[in-house]
Each structure stands twice: as C-alpha cells, then as structure tokens.
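Enquirer: Now for the letters of each chain:
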Amino acid sequence: MTRKPASLFAAELVRPAIADAFRKLHPRVMAKNPVMFVTLVGAVLTTAGIFTAGADWAFVLQLALWLWFTVLFANFAEAMAEGRGKAQANALRSARSETFARRLRDDGSEERVAATGLTKGDRVVVEAGQTIPADGDVIEGIASVDESAITGESAPVIRESGGDRCAVSGGTRVLSDRIVVQITMERGQGFLDRMIAMVEGARRQKTPNEVALTVLLAALTLIFLLVCVTLRPFGTFAGAEFSTPVLIALLVCLIPTTIGALLSAIGISGIDRLIQRNVMATSGRAVEAAGDVDVLLLDKTGTITLGNRMATAFVPAPGVSEEQLADTAQLASLADQTPEGRSIVVLAKQRFRLRGRDVAEPHATFVPFSAQSRMSGVDFGAPAAPVRCIRKGAAEAIAGFVAALGGRPDPQVLAAADSVSRSGGTPLVVADGGRMLGVVHLKDVVKGGIQQRFAHLRAVGIRTVMITGDNPLTAAAIAAEAGVDSFLAQATPEMKLQRIRDEQAQGRLVAMTGDGTNDAPALAQADVGVAMNTGTQAAREAGNMVDLDSNPTKLLDIVEIGKQLIMTRGSLTTFSMANDVAKYFAILPAMFAGVHATGAGPGPLAGLDVMDLHSPQSAILSAVVFNALIIIALIPLALRGVAYRPASAAVVLRRNLLLYGVGGVVAPFVGIKILDVLLTVLHLV
Amino acid sequence: MAAILLILLIVGGTAALSWPLGRYMRWAMDPLTLTGPAGRCDRWFRAVGGRLTHREQDWKQYCLSLLTFNVVTFTVSFAFLALQPWLPLNPDGRQEIEGSLIFNTVASFTTNTNLQHYSGEVSMSHLSQLCALMWQQFVSAATGIAALAAMARGLAGRATMGNFFVDLQRATFLVLLPLALVVAFLLVLGGVPMTLEGAARALTLEGAEQLIARGPVAAFVAIKQLGTNGGGFFGPNSTHPFENPGFFTNVVSTMAIIVIPMAAVWMFGRIVGRMRHATVLFAVMMALLLAKLGVALVWEAAPTQAFANLPIAQDVGNLEGKELRFGAAAGPVWAVMTTCTSNGSVNCMHDSLNPLTGLVPMVGMWLNATFGGVGVGLINMFIYIVLAVFVAGMMVGRTPEYLGRRVEVREVKLAVLAMFTHALLILGGTALFAASPWGAGTLNNTGAHGFSEILYEFSSAAANNGSGFEGLGDNTVPWNVATGLVMLLARFIPILLPLAIAGFLARKRATAPSVGTLGIDTVTFGVMLIATILFLGALTFFPAAALGPIAEHLQFMK
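So the protein lines, in turn, are chains A and B. Residue numbering for the first sequence follows the working numbering, starting at 1 and increasing by one per position. Residue numbering for the second sequence follows the working numbering, starting at 1001 and increasing by one per position.
Misleading hints may appear alongside valid ones.
To be verified - DSS-like, lysine-lysine: derived pairs with alpha carbons at most 27 Å apart:
| # | chain 1 | residue 1 | chain 2 | residue 2 |
| --- | --- | --- | --- | --- |
| 1 | B | 1413 | B | 1060 |
| 2 | A | 24 | A | 206 |
| 3 | B | 1508 | A | 206 |
| 4 | A | 32 | B | 1413 |
| 5 | B | 1508 | B | 1413 |
| 6 | A | 206 | B | 1413 |
| 7 | A | 206 | A | 32 |
| 8 | A | 447 | A | 349 |
Simulated from the structure, these hints should not be mistaken for laboratory data. These numbers come from a predicted model, not from an experiment.
Make a model of the complete structure from these sequences and hints.
Expert: Right, here's the structure in full:
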C-alpha cells in the first residue's frame, strides 16, 4: 500500500505553512539560502526607500511589497514541503508513546523498567497486547506483530527467532504469543526515531548535488550583483541616475529566485515521494545516488518472478490423454501443501474441471516429499500392501521408482522432461505404478509487466542483473523471458558481493535489494541498498533505504524518484535563467529610457522595449510581480517533480531544454505583458 | 559576394589546415612513445631543462612552475625595457620609457595580451622589440599551449599532468618556431621587411627628407599572429603597409591568427581520446565564429553615420578607418577573428566601425572562447563546458559528469570563480574609469561612444586580447597600472582554476558511460553549450552593451 498524499494545497497544510513562511524570515534561517537572503536584503532596502522616494512613493511601496512577497513565497514553498513531512511524522510519533518494558535479569527473573532506560543488549519480554519498547531481534519464541504504525499495513506479520524474520521495531505491537527481544538500538536512534527525523527534515543536510547547485546560484547572484552595482557608475557617465529601488528590482529579477526559492522544497519533496511509496531513506544523499544508479542487482524470487514455481502444462506420454495425466497428477498432489503441489491441483481444475476429491479416503495414504526419495504421491489400499501407487517427482527418482515396480522408464517421457529442463522449467514426472504417464511442466512465472519496466530501465541506461540460486540453464531461460540484461546463477552471498565490487570497479553505481543477514555485506557495499522491512536487523542497518512494504520491485520506483529529483532541479535552474531574457527587455528599456534623451521624448534605449509596455514604472513592477508569482505557480511542480518518462539522456535533455529552456524564454514575455496590462487597467501605476 | 568568398577561403582553408596541424601538435606536445623523433626531442629538452624537467608534476606543481616561469620572464623583459638606452642594437637611439608604461607593456606581453600603449617605431629599440617583446610572444603563447596539454592530460585521467618545462620547450621549438618560420617566409614573399638596420632615409618628391621606420618586421608579425599575441611592430599594427602590405599578406595573417586555436581543439580531442567531443566543440566555436562574422559583415555593409545625410553614393559599405587596399569587408572579418581568438592585431580602426559592428569584437572578448587564445581559448571554453555539463547533467536526472568524472561542489566553485573574475575585471574596471577622471578625462568622444571606448579597453585587457578601440588617450599612469593589473589577473586566474579543476577531476574514479549519461558528443549538447555561453555572456554584459554600442546605434537609427 502507499500512504495517501494529502492533496497538494489542503487547508490543513496551507495554514501552518503560511505561519511558517513568516517565521522563516529570521536572518539566521534566511542566510542558508544566499539567493533568498539577497532578496530579503533587497526587500528591506526598498522598504526603507519608500520614505525617500518622494512622489514615487506609491510605486516604491508596491515594489517593496512584491519583494517581501517573493521572500515569503519562497519560505512558503519550503514550509509546504516540510508540512507534508510533518503530518506524517506526527502520525508516527503517536506510536512512540511512553512504554514500560519487562527486562530480563541474568537469573531469568523480570523487572519493570521505563522503555527509555533500555540499553543495547538488554533482553525484554513482550507478550500479546504489549508494545515492543525498542528495536531489536527476537531471540526466543514466535509472535504475530502489528506493524501498521510503521508500514500502514494492517495485516499482522510473523516474527520469530532465528532466520531472516527476527527483526522487530520499537512502537509495533505484539498481537499473539510471547517473545523475548534483544535490544539492538538505543532509544532515540531506533527505526521509528530515524523515520520521524527523516520525514520532519530535522536532520536534513544538503545533498552534494544540492550544495553544488547552491554554489552555482550564489555565484550567479554575485555576478548579477556586480552587474547591478556597476550600472550606477555607468549611469553617472551617461548622465543618468538610477534609483536604488529600481536597481534592486532589477537585481531581484535577475538572480535565480525561482530555483533559489524552490530548491529546498524540491529536495524535501523527493524524500516525501519516497515515503509515500513506503520507502524510508536514511539520507537525502541516498535518494540522489538512486538517480545515478547504473546497475540493478535483483533477486529473482519475489522481484522478477512470483514467489514460487507453478504448473503450467501437462505433457502426456504417448497413449495417455492429457486429461488422464492431469487427473493422476492431481490425485498425487491433493494432500501436497507445497505451492508447487497446489498449483498442479489448480491447473488440473482449470484445464479439465477436475474437482479436488475427498482427500480423507480411507484407503489412501499420502507419501510426502523427502529429500532422499525426491518424490511425493499417494498410495491406495492397505499401507503395508498398497494396490495403487502414484508418484510425482524428479525424472531420475521416478525412473528408479518405476524400475523398482518392474516397469520400464519411458524414454519419450524422459526426453520430454529433458526438454522442459532445457527451456528453464522444472519437470515433474508422474507415474502410476510401473507406468510413466507424462510430465508436469513447472515454471517460474515472471511477474506481469516486469519486462516493460526493464525495457524502461534499459532506455535510461540502467542494466539489470538477476541473482538466483538456480542452475545456469534455468536462470538463462528466466532471464530471457523477463528481459534482464544478465544474470548470476547459483549465486552465493559472496558472489553477490564480488559482483557489486566488480561493477563498481568498472565505474558503475550499483543498487540492490536484500533481506537476509547474509545480504548485509552486499547491502553495505552497494551504492544504494534497499533492505526489506521483513528482513533482519542486520540487513536493515546495512542498507541505506528500507522498503516498508518489503516489495523488491520498489527499487525501480526508487531509481525513478532519484532521477526525477535531480531532473527537477536542473529544469528549474534552466527555467530560472531563461526567464532573465524577458526581464532584461522589460526593465532595461524602462531604466534606460532617460539615458541620452534629447528634448522631451525618451532616449534611444527606449527602443529596446519590444513588449511595448505601458510605462517604465509598470514595466518594472510587472517584471517584479511576475518574478514573485512564478514561484507560487511552480510550487506544485517542485513538490511533484517534473514529468518523468523513461528515455535516453539525449531525448530527455532535448525535451527538457525545449520545455524549460525555450519555454523559460517565452513564458515571461507573455506573463509580463499580461501583468503590465492588468496593472495599467487597475491604475496601480 | 566577394566577402563571402573571402570568409570561405579564410575560415574553410584554416579549418582544413587545422586538422593535420592538430595531429602534429598532439604528436609534438604529448608524444606517446619515447622512440622516434618526438622522443629524441624530448630527451634533448630534458637534458636542457636539467633537474627541472626530471619530475612529472601534479596540477599544483605544474601551476607553480608555470607561475614561476612567468615571474622570471616578466622580470627579464622589464629589465630589458628599463635599461633600453644603455643596451645595444638601438640604431635609432630610442630613449628611456616611463615606468608605468614599462609595467603595462611587460604585463601585456607576458600575458599574451599585447595591449600597446606605445608605438613600437617611436619607443622601442630593435633589441627591446626582439628580446623583451618578441621573445615573450613565443613563450607566452607556449605557456598557453602547455597549460592546455596539461589540462587535457588531467581530463584524460593520467596520473600526472606532465612537466611544464618540457611542455614549454615542446610548444616553443616544435610548434611555434617552425610555424613562425613558414609564416615569416610567406610574409617576406608578400613584401614585409626583415632587417636589423635602422630607419630608412628617403627623399620625397617635395624634396623633404623622410625617415621610414623598419626592422625585423616579418619575424615579429609571424609570431604576433600565430601566438594570438597581436602586438604590432609598428603602432598602427597590421594596418601599416610594412606589416601587411596587400591582399596576400592579409589572407596569410588572418589564417595565421586562427590556425593554432583551431588545431588546439583537435589536439585536445586526441589527448583525451574523444574526437567526437572535440568535433562538437569545434562546431560550437565555428557556429559562434560564423555568426559573429555574419553580423559584422551585415552591419559594416551599411554606410558610416557621418555620411548619413550626405548626397553621395553609399554602396561600398563603411570605409571609415579602413585601409583602401583591403576594402570594407576585410576589416570586419579581421576584427572578428582577432577578438574571437584573443589575438588583438588590427587591420582597420575598430573605433570607426559602425556601432553594432563594433559590438561584435566586444562580444568576442566577453565570451573569449570562440577558438580563443592559443591553448587558453579551449581552457576558457572548459569553464563553460563545466557549467553546461552541470546544468544539462541535472536535466537528464543524474549527478553531472564530464568525461566520466563527476562534477561536484569543488569543480563548480572553481568554475564560477573564473566566470566571476572575468565579469569583475571588465565591469568593475569600466565602472571605476567611467565614473572617475581617470577614464572620463582621457576620452576623445563623449556619450555612448566614449563609454564604448572605456568598455572596450577593459574588455581587451581582461580577455588578454590587446586590440584597442582607440580614440582613447590610454598612455596615462592610471590606464597603464589598471589595465596592467587586469591583464595579469585575467591571464593567470583563468589558467590556474581550470587546471585545478582538471587536477581534481583526474583523481576521481571514472564512471562508465551508458545511454543514461549525458552525451557530450551530440548535437543537443552542442546546442546546450552554445546556449550556456550566450546566456552567461548576454546576461552579464547586456546592460553594458546597451549603454555603449546599442545606445549609439539606436541614437543613429532615430
């Protein structure tokens, strides 16, 4: 499931955001963002300028107001993005209410301590109805646990000692049974705490790419500051005096306020989009790295294929009808509780409407699968001397069984079994007594639509590697069907780790998913390691993201979100810079109208007014208003991210250049002209 | 029509020549093996250079060597000019030179600028011309080529950037000297004098005696053009009939201006092993060059403002300030070439160009990366590349990378610092001089044109170009000191910062390319690069341009 995002401008998000926008005016907060800090200083200076403006005071007042709006809009964008996270944090925090823990002493007796008093290594008892006090591993017992506080999923999950399902999180509730948990995390650093910190952005640090972009924006601000400051002496030379408010208006229009205002909102909302998909990243850096991934290592089972092999076809022996084979196979599987066995029953039912028969037939004895016999089936008649033995199992095992009963292995059936193997499937040979009836074709079923997603990934230059314990033959067949780029068959955790190192040595960034403790080294080595929430504590610690739904396919979403995040930054930077052209053509003719003017008319540079704006004052004001309003207009884009469609870098660049580059040049010409008309009609200038 | 043919001949011919020259320069500057003639030369250079050349250098050591060498050449040239009256080879008895002029001139020649606040035939002895100035024209150009080779090695991911003193010798003896010999020979064929004798005395038809200055002009002009130096033997530079007697020498000179900057792109491509990328860079530069040529030719085909309302035939374009032996078109073509490449030699009076034609050379100096100065043009382009890659890389949804290496905070910081320096030196300098008597008091024109003169002078100094708009009494202490400082800062900061970036990039792990990585050898990237250059340039300099040439043009149009 996914957390439902609140609608973009829901009232309960907007109201606190407005208050926050004012709170963020504090210079210490503003100083973190050089572009908006300069705008703030400009707003203050312009406000002061109202009193020295003389007859122009109404114009300067409006300039000052719109400059303040520009700053407030930027703060509002950030507050909106944070607000969405805060709402989620509050929901999480309610799960972290004060609890008591039953700590086990060394002698086995219990003591009652506050959950806050627990330290790493403590063992606590949790029984049905109680809340697990802190993150840890189950070391004794098995229990069903309600993890809805974290995952939002109401179905309880099983947690048991040993194996890969031993990790429990503080704040979740035990529904049945009794477990002993060894605490692995101090309180305050637990999973829930980190989740809250993450969504709240409390410990949000700028990511490397964000810092680099901030440097670029600061430098552009500095260059435009230079441009505007030097205009004053240039004007003196030309015999014109440019007023400070107008120079500030020009400066604020030129510096990249659009991207500067939305930069942190973009970063926060990227993490927010992950959370909506129920993925927790430990840092914004990890989200960014996800966009850079070149190789995905995907476990076959659960990611590429549905969990289990399924029967997909019956291949009868010569002289045997398919229905007869199906009927016998179903009989052999009726009491078989393995997923393979059940899939045979289902297939027989689907193909020939064969109903499951009464399995409690008095004369039937079920022979379960064992590793020695490598077959399972059913015997009819007295257990000591059965009259009819049906078996299904590996080809060699059944061949032996048939021979033992005096029959002759059918070479055509064995050949059919062979060809099933070669196609990547698993053959189950079915025998009724000494006679081979045919082969059931068991197959890994590739998840629907996965092939398309791999094709999308290939289009954006990401290679997929399937990791499987299968033999190379089977692996190759599934790999071909799923459309992965390569595979690692008969994989061990060591091979997985080695593969990651090899890919990295060739200059590629690797992402993988994992859940078991033996995945931990590989998760730690991968550039993006997504641990499953059902996984072990070790795996969850090693990765830099946790998928609360434990759905390995999510890795594909994560990569897209990472790419979209960086793409949004780049596109808005381009848009912001492209806007400057129109603003020059609005403000400069207005500013320079008096330069070299002879007589009553405007000077020669008024000729640059290609938009034919009403007056110098309306031109300048329109540009400033446009500059402020565009921030509000782009908040949804910043929060949602730019449209992401999988395509090669060349195509994406072309599309974004056209949309945000060319669009960024054209849009303000239209917008400023419209605003100019409006301002004139309303007699604001 | 003739103008278009001229452009085709010069640009097309030079582009064709640049290909084999680029191949040769790679062979000379970055020999792959130590066997064969290049290897033999290398051993010889290392023997000459002694201990200095024994160690391969990282970017810091390379930069330190480069700076140290330039301090030494600065000092030597300063000494030659300061001691001129007491040194030999002074047949015409040239006198002492004023201190600030010496500083300006030496800074100018050390930095490959060749801004000349003096007239060579009046102030300089033959020894000064050869040992203080012409020598610098070789080594300052070689410094640029060496720096480019080092940067390319860094970007290619080599462990070291080479050795500056070896590179310097390679560039001087294997690239510049042979080419200069060829060009000087062609110039002599075209009638340019080459002698160490003093001025010729001639009896004019009126019976008066005239002193005609001469000297080792062909040698001087050859390296002046090839090394994008631009400093003339004579004050009027290549308008002077002894520097540029006719059509043939004009074509040879124009081609010599741009051939090494063009070849440097191919050399870069070969060293980093990305010829398709180099082709995109070449195409971007070529597109900008042709655009500037087109604009200049169109505007210069219009008559001069002075003739606007006079009843005379106006079909030959603007001939004011042109040499009649070259016509109206050769002037703007040269003006564009010389400012695109930071050369700075002139064959017409830029002050007399029509206002918007006059804007084109300024644009060339503001962008300063349309082929650009030898070596340094591509180094300047690298700054634009870093910024374009950064923004475009984000737009495709990845951490930006160039040649497989990630462009991160430090690289962006250094790149924008270089951008800011360029803008600061031009706009800051112009503002200071426009608002003070230092500049305003030295003008021969008022209004927009006067402003253009100040703006041009600082642009020329900051782009290490050296051409003058003229019309400016620039041999004053404030002008000499200010432009001298600007030239020094504008030379070394934009060389050191890119070398540092290349050094940092070289240390990073290279990432493997995929279809998801930003392709730097595509047309789209070329468009992105042009857009970056034009946007950064236009946004920074448009207000200044509006108050200068554009205001003058609009005044005229009214």
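Enquirer: Let me make sure I understand: some of the numbered hints might not hold for this structure. Which ones are they, in numerical order?
Expert: No numbers; nothing is violated.
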